Amino acid sequence: MPNKENSSDDGPGDRTVLRARDIEKTYASRVPLVGRTVEVLDGADLTLRAGEIVGIVGANGSGKSTLLEILVGSLAPDAGRVERSGTVGWCPQEPRLYDRLTVAETIDLFGTAYGLSEAEAADARDRLADRLDFERFLDYQVRHLSGGNRQKVNLAVALLHDPDVLLLDEPYTGFDWETYLAFWDLTADLTERGTAVAIISHFVSERERFDRVYELRDGTLTERDSAAATGDATDGSVADPSAAAVDGDGSGGEGLGDADGTDRSPGTGEVV
Amino acid sequence: MATTGTGRATADRLTTGTAAHLRSFLREPVHLALLVAMPPLVVEGYGRAMSSFPEMPFVSTVPATLGRVNGAVFAAAFLAGLIGLFQVVAARRADDRLAICGFDRATLLASRLGAVLAVALAGAVVTFAVLRWQVTPEAPLVALGALVLAGATYGLLGILLGAVLPRELEGSLALVFVADLDTFLASGLVDVDTALVRALPLHYPHELFRAAVLEGSVATADLRGAVASLAVLLVAVLLVYTRVAGGDHA
Amino acid sequence: MTATDRPAGEIGGAGRGRTAVAVFVAGLRQYARTPVLLAMLAVFPAYLIVAFSRLTPETTVPLSVPGDGTEIVALSELYAVVLTPMVGALVGGLAGLFLVRAARGADGRLVVAGASSRALVAARLALVAAVGVLVAAVGVAAAATTYVPERPAVLFGATLLAAVNYGLLGGLAALVVDRLAGVYLVLFGTMIDFFLLQNPLADDGDLARYLPGHAPTELAVDGGFSTAVSAAPALSGLAFTALLGAVTVLALGRSLRTS
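Chains as they are written, first to last, in my numbering: chain A, -1 to 270; chain B, 418 to 667; chain C, 3 to 261.
Just so you know, not all the hints are guaranteed correct.
Each pair of labels, with its calculated beta carbon distance range [stated by the list, open to error]: (1) C:120 x A:160: 25 to 31 Å; (2) A:35 x B:431: 36 to 42 Å; (3) A:59 x C:255: 28 to 34 Å; (4) A:160 x B:518: 49 to 55 Å; (5) B:632 x C:53: 26 to 32 Å; (6) C:189 x B:427: 38 to 44 Å.
Keep in mind that the hints were calculated from the coordinates and are not lab data. Computed from a prediction, not measured in an experiment: that's the story for all the values here. Every residue, glycine too, gets a C-beta built ideally from N, C-alpha and C.
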C-alpha cells in the first residue's frame, strides 16, 4: 500500500474528499421499442480519502466510465448523491478536447476555465509538458497529434490546477514506457501532497500501487483486497504472467513483462 | 496471398460482398432518409421553382414539367453518387485488409460496383414513381432506364470524387454542387451547346430521359454518348480503385 | 464536504466575461482552421449568387415589393437579391452545426473545469453572429457583381438575419443529430425554405410566413428594389430570432450542464 502514509488516518474523522451513495444510472433507448435499455449502475457507493490511490476495475462495458462521469458531475445519475470537497480534475477516456486548437491554446483555455491567471496556466503548462514530455508539440493542433500524445494533453488538462481529487479513466492509454513511469512518479508526488486519486485501470499487476481497489460488477461497487488475486482475470482485466509489481523507477520486478524478461508498453503492448 | 476459387465461391463472395456494402450504406439512417425523402423534395421542388420561369423560345416544354424532369435526373444521379463516394471511402479503410484475408480484388471491386448499381436502381425507381405522380412519361420503361443510366454514371463519378476527396462530409457537399451544376447545364435552361457542355456526365442521360418522358423517343446518338461516358468512367474507376485499395499481395 | 449536484469545478470558476471571450476567440480559431467552412464561405456565394443569377434566362417579371407596390424587375437581378439571404442561411446554418457539434464533448469538459455554462452559450451565440456578419458582407458583395441593390445595408441586414436564424437552428440540430445528417438538414431545409417556399414569384402560402426564411426574404426584396422602408419585415424577423435565440440558449445550456 504505497500511499497509505499519505492517506488521512484520523479514524472516524478521516478526511473524505469524495463520497458517492446509492448511484443509479440506466441508459434507455431514445426510440420506443427499438434499441436496448441498459442498467449500468444500481446502487453504487464509493468513498475517496485525501492522499490515497484507489483503483476501479471491472469488465468492459460494466459502467466504469459512466461512474466517473457521474462522480465528476458531467453526467447526472438517475438516483443517488455525490458529495465533493475541493477541486476535481477529470481525465476522460476519450480526449474531450477541441481538435483544431493547438496544445498551448487548449491549456490556456482550460486554465481560464479553472480560474488560473495567464502566468499560472503558463507555468502549469511548462511543468506538465516537461514532466509528460510533450513540449515539442505545444504548437501542434490537437487533431495532428498521435493517440499517445493526445492522451498526454488529455491528462495534462486534468492536472493543470493541482486538484484535490483526480478522477482518471485509463489515463495511460498509448503511453510509451517512460511516460508511463513518469505518470506514476507524478501520481506519487500528488498523493504525497494529499491529492486523492481514483484510476480506472485494466492492469491486474498495478494493484500493488493502489491503497484500495473497487470492482464494479452488476452495477455495484465492491471493495477488494488490492494485493489479492493476481492472475485472477474474472473481472476482465489483463492477467499478468508474472506475479511481481513494477517498481516506481522501473527497476527490478518483472512488471508487465513476459517470462523471458522483455518489457512491454502498457498502452500498446509493444516490446520496449 | 493469391486466392483461387471455383465459380461458385466467387459468386458467393460477390453476393456476400455486395450485401455487406449495401448494408453498411443503408444502416446510416440519413442515407435511408435521403433515398425516401429526396426524390419527392427535389422533383417537386424543382418543378415549383421553375413554374415561375417564363416559357423560353429554345425550350419546347412547360417550365414546371422541365423542372420536374431536371429534379428527377438530379435525384437519381445524386443518390447513386453518394453511395459511390461512400464505397471508395470505405474501400480505403478496409479493402486492402479484406484482400489479405483472401477476398480477391476483382470480386471486391465487382461487389462495390454491384452495391452502387443496386442503389442506382432503387433511386431510379423511387424517383420515377415520384415523377409519375405529376407527369405521365410517353415511354416509361425507357425513361426508367435513362434514370438508371444517370444513376450508374454518377455512381462511378462518386467513386472518382471519393478518390480525390476521401471524406464523407466534404465529398458529399462537393457532390451536391457537381450534380446540381451538371443537371442545370444539361437541362437546356441555358441556351448553350458547346463541346464542354456535351462532355458533362449527365448531358446524354438527361437528353435520353427528357426525350423518353416528353416525346417517347430514343435518339441512338444520345444512347451511344451515354454508354461511351459510362465506359470512360468505368476505366477511370478501375485505375483509381487499384490505387486506392492497395496493390497486389503475394 | 459540499453536497452538490453541480459539476465539480463550477463553484470556483473563472470570471464569466473572461471565459466568454476566451471561448469566443477559440471558436473563431476553430472556424478559421476548418477548411470546409472557409470553402463554403467562398463557394456558396460564387455558385449560388453570381453563377446562378448570371445563367438565369434574360427576362423580366412583376414583383411585389413590400414598401413600393409592384415593380418589373429582371429575373437575374431578383435571383441575385433573394439568393443572398439563402447563402447566408446555408453558411450560417452549417457553421452553427459544425461548431456546436465539434465542441460538444469538450464544452462539457470545460464546464466541469469551471467555465460558466452561460458564458459558453454566450460565446457560441456571438460566434454565430460573427459568422453571420462575415457571410453577409461576402454575400452582398457577390450580389453586387450582378446587381447593386437599392439599399445594400438592408440586404446586409436581411442576410445577417438569415445567417443567425439558421446558425441557431444548426446549433440546435447539432445537439440531436450527427454531422452528416445535420448537413443534409441544413442544405435541403434552406433550399426548401428560401428557394421554394419564399420564392417571391410564387404564391405566399400560409406555411411560408412561419418559416425562418420569411422575414429575411421580405427584407432582402425590400432592400434590393425599394426606395421606401417597410419596418414590418425587420420587426417580425427580430421577434422570430429572439424566440429562436431563447430556445437555443435553453437547449445549449441544458446540454452543457449535465447530460
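Evaluation of the provided hints:
{"no.": "1", "hint": "C:120 x A:160: 25 to 31 Å", "in the structure": "26 Å, holds"}
{"no.": "2", "hint": "A:35 x B:431: 36 to 42 Å", "in the structure": "39 Å, holds"}
{"no.": "3", "hint": "A:59 x C:255: 28 to 34 Å", "in the structure": "31 Å, holds"}
{"no.": "4", "hint": "A:160 x B:518: 49 to 55 Å", "in the structure": "50 Å, holds"}
{"no.": "5", "hint": "B:632 x C:53: 26 to 32 Å", "in the structure": "30 Å, holds"}
{"no.": "6", "hint": "C:189 x B:427: 38 to 44 Å", "in the structure": "40 Å, holds"}
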